Amino acid sequence: GAGVSQTPSNKVTEKGKYVELRCDPISGHTALYWYRQSLGQGPEFLIYFQGTGAADDSGLPNDRFFAVRPEGSVSTLKIQRTERGDSAVYLCASSLRRASGLDTGELFFGEGSRLTVL
Amino acid sequence: GNSVTQMEGPVTLSEEAFLTINCTYTATGYPSLFWYVQYPGEGLQLLLKATKADDKGSNKGFEATYRKETTSFHLEKGSVQVSDSAVYFCALTGGGSQGNLIFGKGTKLSVKP
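In order, the protein sequences belong to chains B and C. Each residue of the first sequence is one higher than the one before, counting from 187 in my numbering. Each residue of the second sequence is one higher than the one before, counting from 4 in my numbering.
Hint data in this document are derived by calculation from the structure and do not stem from the laboratory. In this text, all values refer to a predicted model and were calculated from it rather than measured experimentally. Some clues are possibly wrong.
[Said to hold, decoys possible] Quick list of the computed label-pair ranges, beta carbon to beta carbon:
#	chain 1	residue 1	chain 2	residue 2	range
1	C	Gln84	B	Asn248	27 to 37 Å
2	B	Glu200	C	Gly81	49 to 59 Å
3	B	Pro247	C	Glu72	27 to 37 Å
4	C	Thr73	B	Ser195	12 to 22 Å
[Unchecked claim] Here are a few chain B residues that face chain C, going by a calculated C-beta distance under 7 Å:
#	residue
5	Gln227
6	Gly228
7	Phe295
[Said to hold, decoys possible] Simulated pairs of lysine to any residue, SDA-like, Cα-Cα distance not exceeding 20 Å:
#	chain 1	residue 1	chain 2	residue 2
8	B	Lys201	B	Arg270
9	C	Lys108	B	Lys201
10	C	Lys115	C	Gly81
11	C	Lys111	B	Gln223
12	C	Lys108	B	Gly226
13	C	Lys108	B	Gly239
The beta-carbon is built from N, C-alpha and C at its ideal position, and this holds for glycine as well.
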């Protein structure tokens with residue numbers, strides 16, 4: 187597609203339930219990022235994929251959060267046993283990495299998935 | 004770790020007014036600096052960037068200069084328009100994995116006709 191696509195755009199769930207959020211990056215972008223944005227805050231880094239592997243997952247808040255990118259394109263962020271504090275907008279971004287390994291610095295963001303945990 | 008502090012909003016200006024949104028950073032090494040913008044109902048998008056000291060990024064009439072001596076990257080525009088109403092985020096590279104960005108809290112700008 188033309189841009190980064192995220193689904194669902196809105197998700198309301200109950201405390202304790204399992205949630206999956208999907209990201210379809212720009213075609214050809216090998217780097218993919220997940221961020222979380224709480225109300226009134228800037229995006230907070232969660233995890234970064236280069237190809238199929240998680241190159242940096244240091245931002246995942248705890249082991250209830252997990253993300254996969256099995257074929258190096260679409261990624262799924264999975265949240266187990268959701269808590270009210272997980273309510274936020276989850277942003278996905280992709281970027282094109284240069285052959286040298288240095289990123290261009292420009293991340294292309296999707297519109298986000300708004301998660302509400304009741 | 005690296006961090007960024009930006010001017011709190013909201014900021015309300017009249018059309019054609021001068022805009023400054025302050026951004027300062029703390030970093031080890033030599034980060035790249037960015038301004039991202041989020042228009043209502045849209046995703047974040049890159050506005051401008053600077054990759055080394057004294058570089059000036061510019062786009063759509065906005066400018067910001069990478070000042071190492073004051074660790075700042077203030078966003079300026081000489082004459083704002085109603086269409087500039089958006090949330091602006093200052094960001095820098097995280098110093099860890101390549102490409103990871105650390106964002107400020109954002110500054111909401113409203114421009115009145």
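Structure-based check of all given hints:
1. C:Gln84 with B:Asn248: 27 to 37 Å: Since Gln84 of chain C and Asn248 of chain B have Cβ atoms about 44 Å apart, the given range 27 to 37 Å is violated.
2. B:Glu200 with C:Gly81: 49 to 59 Å: 51 Å Cβ-Cβ, so the 49 to 59 Å window holds.
3. B:Pro247 with C:Glu72: 27 to 37 Å: holds (36 Å)
4. C:Thr73 with B:Ser195: 12 to 22 Å: At roughly 40 Å between Cβ atoms, Ser195 of chain B and Thr73 of chain C fall outside 12 to 22 Å, so the hint is violated.
5. Gln227: holds (5 Å)
6. Gly228: Hint holds; Gly228 of chain B Cβ to chain C Cβ min 3 Å, cut 7 Å.
7. Phe295: At 4 Å from the nearest chain C Cβ, Phe295 of chain B passes the 7 Å test, so the hint holds.
8. B:Lys201 with B:Arg270: Roughly 6 Å between the alpha carbons, so the hint for Lys201 of chain B and Arg270 of chain B holds.
9. C:Lys108 with B:Lys201: violated (27 Å)
10. C:Lys115 with C:Gly81: holds (15 Å)
11. C:Lys111 with B:Gln223: holds (15 Å)
12. C:Lys108 with B:Gly226: holds (7 Å)
13. C:Lys108 with B:Gly239: violated (29 Å)
Going down the numbered hints, you'll see the structure goes against 1, 4, 9 and 13, while the others check out.
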